[in-house]
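Peer 1: Sequence:
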Amino acid sequence: MHNERDSCIKMSNLKIRKATIEDVPEITRIYNHAILNTTATFDIQPKTIEDRLEWFEKHGDDSSLLVGEIDGKVAGWADYRPFGTRVAYRFTVENAVYADDNYRGRGVGMALMNEIIKIAADKGFHAIVALIVQGNEASERLHSKLGFELVGRMHEVGYKFDQWLDVLIYEKIL
16 MHNERDSCIK MSNLKIRKAT IEDVPEITRI YNHAILNTTA TFDIQPKTIE DRLEWFEKHG
76 DDSSLLVGEI DGKVAGWADY RPFGTRVAYR FTVENAVYAD DNYRGRGVGM ALMNEIIKIA
136 ADKGFHAIVA LIVQGNEASE RLHSKLGFEL VGRMHEVGYK FDQWLDVLIY EKIL
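Counting from 1, position 147 in the sequence shown corresponds to residue 162 in my numbering; the numbering is continuous, with no gaps.
Calculated directly from the structure, the hints in this document are not laboratory data. Hints should not be assumed to be uniformly reliable.
Pairwise CB distance ranges (calculated) [unchecked claim]:
(1) 66 x 176: 17 to 27 Å
(2) 37 x 184: 28 to 38 Å
(3) 159 x 106: 20 to 30 Å
(4) 165 x 37: 35 to 45 Å
Since the structure is predicted, the reported quantities are computational estimates derived from the model, not experimental observations. Ideal Cβ placement from N, Cα and C applies to all residues, glycine included.
Turn these sequences into a full structure, and let the hints guide you.
Peer 2: Below is the structure:
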């Protein structure tokens, strides 16, 4: 268990930076934990390092994939990617943010998302969309604090852990 003083001390060491290929194993570990233990992602099979290397390469040289690092350890990651494939969506992106279990509730997600929002705005995007599984209260709170608005709900569009899941649509106009 950590106390607030420990959180402040550790968070003062938080560094947000562009992800590198060397971060892929830690990004994969964090994401696989979410796949196996949460409904935060609708992936159901863990990713291999090779899968995630291919995914990493798709980000290219842009700055849309970030890691939060504390004392040299990847504490979380975030990215944005195109929302939809049709041309009219070209000014809208969808975000993702994941924190290592040891750093949840300590501001890593907030710091990563603040930077993702800034980068997306600087690159001329108009809106960011977050698709959040109903019941992921931490993600709902995070996005709400950052000015995202709940704009819709898709009923029972995902099936994981033997249950139908609703997805909430949050949006932020930049």
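Peer 1: Hints first: check each against the structure and report whether it holds.
Peer 2: Results for each hint:
no.: 1; hint: 66 x 176: 17 to 27 Å; in the structure: holds (21 Å)
no.: 2; hint: 37 x 184: 28 to 38 Å; in the structure: holds (34 Å)
no.: 3; hint: 159 x 106: 20 to 30 Å; in the structure: holds (23 Å)
no.: 4; hint: 165 x 37: 35 to 45 Å; in the structure: holds (37 Å)
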